[in-house]
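K.L.:
Below, each chain spelled out in residue letters.
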Amino acid sequence: MNLALPLPEYGVLGLALVVLLYDLVVPERVSRRALGWVCALGFAGVLALLLRSDAPQVAPVPTAFGGMYVADGLALAFKTLIVAAAMLASLASLDYLEARGVRWQGEYYLLLTLVTFALMCLVSAGDLLTLYVALELNSIGFYALVAVLKGRSLTSSEAGLKYLILGALSSALLLYGISLLYGLSGTVSLAGLAAWAAGAARSPALVVALALVAAGLAFKMSLVPFHMWAPDVYQAAPTPVTAFLSVAGKTAALALLVRVLDAALGGFIGVWDKLLMVLMAATFVWANLGALKQRDAKRLMAYSSVAQAGYLAIGVAAGSALGLQAALFYALVYVFTNVAAFQVLQLVAESGGPELSGLRGLGRRSPGLALILAAAVLSLAGIPPFGGFFGKFYLFAAGVREGIVAGRSWLLALVGLAVVMSIVSLFYYLILVKQMYIEPADPEAPGTGGPVAVPLGARLVLGVCAAMILWTGLYPSPILAWIRQALF
Amino acid sequence: MFGVGFFLALAFALFAVGAFGVLTRRDPLVMFMCIEMMFNSGNLALVALSRYLGLASGHALVFFVVAVAAAEVAVGLGIIIAIFRTEKDVNVDHLSELKG
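Line by line, the protein sequences are chains A and B.
If you read the first sequence in the numbering used here, its first letter stands for residue 1, the second for the next number, and so on.
If you read the second sequence in the numbering used here, its first letter stands for residue 1, the second for the next number, and so on.
What the hints contain is simulated information worked out from the structure, not anything from laboratory work.
Treat each hint with caution, since some may be false.
[As the list claims (entries may be wrong)] These stretches of chain B come out as covered by chain A in the derived footprint (C-beta under 8 Å, 3 or more residues):
no. : segment
1   : 33-45
2   : 51-57
3   : 61-68
4   : 72-85
[To be verified] Computed from the model, here is a short list of chain B residues facing chain A with C-beta under 10 Å:
no. : residue
5   : Ala11
6   : Ala19
7   : Val22
8   : Leu23
9   : Val90
10  : Leu95
The beta-carbon is built from N, C-alpha and C at its ideal position, and this holds for glycine as well.
Turn these sequences into a full structure, and let the hints steer you where they fit.
P.N.:
Following this line, the structure appears as structure tokens:
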């Protein structure tokens, strides 16, 4: 057994201990704001470690704890995204919490690091036990993070309660599905499930088990109809938490779908791909149409994130190596574009309020912020030259190729629907752009005077994200090479 | 007389009762109890199947599920208390600040 294998996880766990000790020894009256910098630096260190380590290139991938922890290229790539998102979230939280007079910042950063730890374990899960415990650890952490503005904002607590009840319900569905799978296969290890799925017969119990597991995972991924929590939670949670939940939570859920459906239960692709494709078709239609009538900027972005989860799932439904690469590339683009969009909305909301109308006149007041938000939403809509265009192109191409090669005409129809709904999505993304550049600013409205203040932490976040949006769009080949190497 | 089939049927019944309760009751505390029932139906199925298959892995999983469910409820009660302090009412139908 190789105990040194989960080194990045140890790093994040160490960071959590540092946060805990800092909170313990520093006197009560001193603000915990510095912890944001400590976390950002710690995550940057772990990120450097992850970027320096090479993905294993030979067949038996290294495992630890009796196969419960798998350190393959898939885990490495997704961990890199998760830690990058955690670093950006810590930087974005610095001034947000301080402005709201949150005294329990020590707990906030501790939860942030522990959730990151759980997400990292989740993408490395080699066993249903690790998977379940890591999934619950990150979910419970997120429930508390969503409700962290207790006493400051009732909606934050309300969103936390709704998220918790629906989240626990989905975990119960997943657990029941796991127990059925265990009864059928007699194993809890994902490798064991894969060996069993290669030769097992299909039975009604299997369909029920797959449906329950798919429902549990679709909740974490927020696919319609398991998305009901997303708009409320995204709107009411502290904006840095919303950004982190939408990118890190979703990429980890994507990794989980790949691990459980494509890798472990790949033998039953003919059973679960129908279930998944129904969810995805519902997601494309419902999320994109639902976003059109939103007036709250974060709520609009929540519907947009639900739709994006649907696009990401195309890679899983395709089930091919190409689909997986495309999904990973799109997840990478999505992390940086979505964090950038939420960061701008967070800064604007401090002066102009949460409504879309708060964005009015931003093009003149803060041209830089307006430009970054426009680039981010156009990238999400899939407009060249931004990364989102290539991401969507690769995903759709992978879906079409798999549809033709394997003769899965439903997949072709699904990609067609995704293309059409992606054009619909352009409409609501352009509403944001229109508010910033065309709608006249109301001179009476509060906070529409001077430029929006951008603190140092937010500057760093926006700089990194803007660079990545352009890099993924203009020169994606080094990133694609990194992805191919990780998923050999 | 009590074979694995009996326990699986009982687990399914518990699961169905729990799911029905979560969907129909509006008091978060009762909803938590129903969710716990659903967790325990999964646990019961795991234990019964583990014994039937003669494997220990299902038993091990159950211990973790019990611990996790306790943690979940602890956070849930914390949030309910935070709401109750300001609202004096935790009926989920009355919590409707967020819509759309």
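K.L.:
Now look at each hint and say whether the structure bears it out.
P.N.:
Verification of the supplied hints:
no., hint, verdict
1, 33-45, "holds (count 7)"
2, 51-57, "holds (count 4)"
3, 61-68, "holds (count 4)"
4, 72-85, "holds (count 9)"
5, Ala11, "holds (8 Å)"
6, Ala19, "holds (8 Å)"
7, Val22, "holds (6 Å)"
8, Leu23, "holds (9 Å)"
9, Val90, "holds (8 Å)"
10, Leu95, "holds (5 Å)"
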